[in-house]
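Dock chain U against the given chain Z, drawing on the hints supplied.
Protein chains: 2
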Amino acid sequence: MKIYNEKERINLREIHLRAPATTANVGPGYDIFAIALEEPYDEIKLKLNDSGKIKIKLSGEKQDIPLNPNDNTAGIAIQELLKRKKIRQGIDLQIIKKMPSGCGLGTTGASASACVSGLNKILDLDISNNEMIDIARFGEVASGGFPHADNVAAALLGGFILVKSYDPINVLKLNIPEFPVVLAVIRKSQRTTRGFISYDIGESKLKEQIAHCSAVINSIYTRNIEEFGKAINMDYVAEPVRSAAIPNYYRIKDELLDYGAFGVNISGGGSSVFAICMENQINKIAQIMEKELSGNPNFIKIIKTKVSNLGVTEIS
Amino acid sequence: MKIYNEKERINLREIHLRAPATTANVGPGYDIFAIALEEPYDEIKLKLNDSGKIKIKLSGEKQDIPLNPNDNTAGIAIQELLKRKKIRQGIDLQIIKKMPSGCGLGTTGASASACVSGLNKILDLDISNNEMIDIARFGEVASGGFPHADNVAAALLGGFILVKSYDPINVLKLNIPEFPVVLAVIRKSQRTTRGFISYDIGESKLKEQIAHCSAVINSIYTRNIEEFGKAINMDYVAEPVRSAAIPNYYRIKDELLDYGAFGVNISGGGSSVFAICMENQINKIAQIMEKELSGNPNFIKIIKTKVSNLGVTEIS
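Chains as they are written, first to last, in the numbering used here: chain Z, 1 to 316; chain U, 1 to 316.
Same shape as in the complex, but just chain Z (with noise of 0.2 Å):
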C-alpha cells in the first residue's frame, strides 16, 4: 500500500462531473419551475490544490466566460460553500464548455451546482440538497441579478423542481416523464430582462397563472404529456417580456401549435425556444424551428433533447 504525502494526497482529490442543461420557468412557473434537459450538458473537472486559490480554466466551446472567481458564476458558488463552511481550500476548476451560455439554458448555473456538489463530495462535507441549492444559487447574482433557484436546482437534482420556498430554500423534485423537447438555441441581445418582468397582469390572468402552474404539477403525476404541453404553453408574467426580443415569436409559435407542439414557450430569462411534442413528431418541429428562428442573427442550432431525471453525475 502506498502511503501518499499530504501534497500527493491533495492532488488525488478530484472529480469529474456531468452537469444537464436546464429550462427555467417552464411556462407559468416563473422563478419556480425548472426541468433538466438530457443534452446539452457541461462537464467540469474539479481538483484540489495547496495554492490556496480557486483558478478556473476554459477548455471545450470558445465562450467569453469571467475566469476571474469574484465573476463567475461556478467561482462565486464556490467561495459561497468555503465561507459558509469556513474551509480554506485552493481549487483548480475546469469548465469544458459544451453548451452555450447565455441563451437561457441555465449553462452558468449547471456549471455552480456541479462545483458545490462535488467539493461537497471530495470534501466529504454531507450538505443537504438544499444547502447546496442555495450556495450554488449566490453564482445567479453574477448573470441575472436575482439568485434564482429553479435553474441549480434542476441542474442538480434532475427532473422536474418545484422551488416551494426561498426563504428558507425548500426544492421538491419530482420525477417526470421523459417528454420529447426541441430547442432553438438562440443568445440572448441584453444581458438580462428581469427587471422588466412584473406580476401586475390582472386577478384574472393571475388565477389563470396560478391555475396553470398547479396544471403542470397534476400533468406530471398524470404522466400527460399533452395537459403539460398545455399547461406550459401559457406564460403572462417572462414570456410577454422576453419574446419581445425574438423576432415573430407569437406567430412562430402558433405555428408550432398548429403543426402538432403540444406546448411553446421560452427557456428561462431567454432567448431559447423550447417545444414539447411527441417523439414522432420531432423532426417536423425541429424542421419549421430551423426554418424560422435560423434567420435570427443570435440563433446557434436546433437540438432534439427530451427531459431527464438525471441532475449532476460523476463521469468515471
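To be clear, the hints were calculated from the coordinates, so they are not data collected in a lab. Some hints here could point you the wrong way.
[Said to hold, decoys possible] Cβ pair distances, simulated, as ranges:
(1) Z:50 - U:280: 53 to 63 Å
(2) Z:52 - U:280: 51 to 61 Å
(3) Z:226 - U:125: 24 to 34 Å
(4) U:226 - Z:316: 34 to 44 Å
(5) Z:128 - U:247: 35 to 45 Å
(6) Z:313 - U:125: 52 to 62 Å
(7) U:247 - Z:248: 52 to 62 Å
(8) U:168 - Z:250: 15 to 25 Å
Since the model is a prediction, treat every value here as computed from it, not as a measurement. Every residue gets a Cβ at the ideal spot worked out from N, C-alpha and C, and that includes glycine.
Frame of chain Z, contents of chain U only:
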C-alpha cells in the same frame, strides 16, 4: 303496466339529492381550488310541474334565504339552465337546509349544483360536467357578486377541484385522501369582502403563493397530509382580508398549529375556520377551536368532518 297520462308522467319526474358543503380557496388557491366535505350537507327535492313557474320552498333549519327564484342562487341556476337549453318547464324546488348559509361553506352553490345535476337527470339533458358547473356558477352572483366556479364544482363532483380555466370553464377533479377536517362554523358579518381582495402583494409573496398552490397538488398525489396542511396554511390574498372579521384569528391559528394541526385557514368567503389534522388529533383540535371561537357572537358550531370524494348524490 300502467299507462300514465301527460300530467301523471310529469309528476313522476322528481328527484331527491344530497349536496355537500365545500371549502373554497383551500388556502392559497383563491377562486381556483375547493374541496368537498363529508358533512355538513343540504338536501334538495326537484319536481317538474305544469305551472310553467319555478316555486321554491324551504324546510329544515330556519334561515333567511330568498324564495324568489330571481334572488335565490339555485333559482338563478335553474333559470340559466332552462334558458340555455331553450326549455319551458315549471319546477318545484324544495331546499331542505341542514347547514347554515352565509358561513363560507358553499351551501348556496351546493343547492345550485344539485339543481343543475338533478334537472340534467330528470330532463335527460346529457350536459357535460364543465357546462353544469358553468350554469350552476351563475347563481353565485347572487351571493358574492362574482360567478366563481370552485364551490359549485366541488359540490357537484366531490373531491379536490382545480379550476384550470374560467373561459371556457375547465375543471379538474382530483380524488383526495379523506383528510380529517375540523370546522368552526361562523357566520360572516358582512355580505362579501370580495371587493377588498387584491393580488397586489409583491412579487416574492406571489411566487410563494403560486409555489404553495403547486405544492397542494403535489401533496394530493403523494397523499401527504403534512405537506397538504403546510401548503394550505398560507394565503397572502384572501386570508388577510377575511381574517379581519375574526377576532384573534392569527393567535388562534398559531395555537392550533402548536397543538398539532397541519394547516389552518378560512373557508371560502369566511368566516368559518377549518383545520387539517391527523385523525387522532380531531378531538383536541375541536376543543381548542370551540374554546377560542365559541365566544364569537357569530359562532354557530364545531363540526368534525373530513374531505370527501362524493359530490351531489341521489338519495334513494
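Violating hint indices (sorted, rising): none
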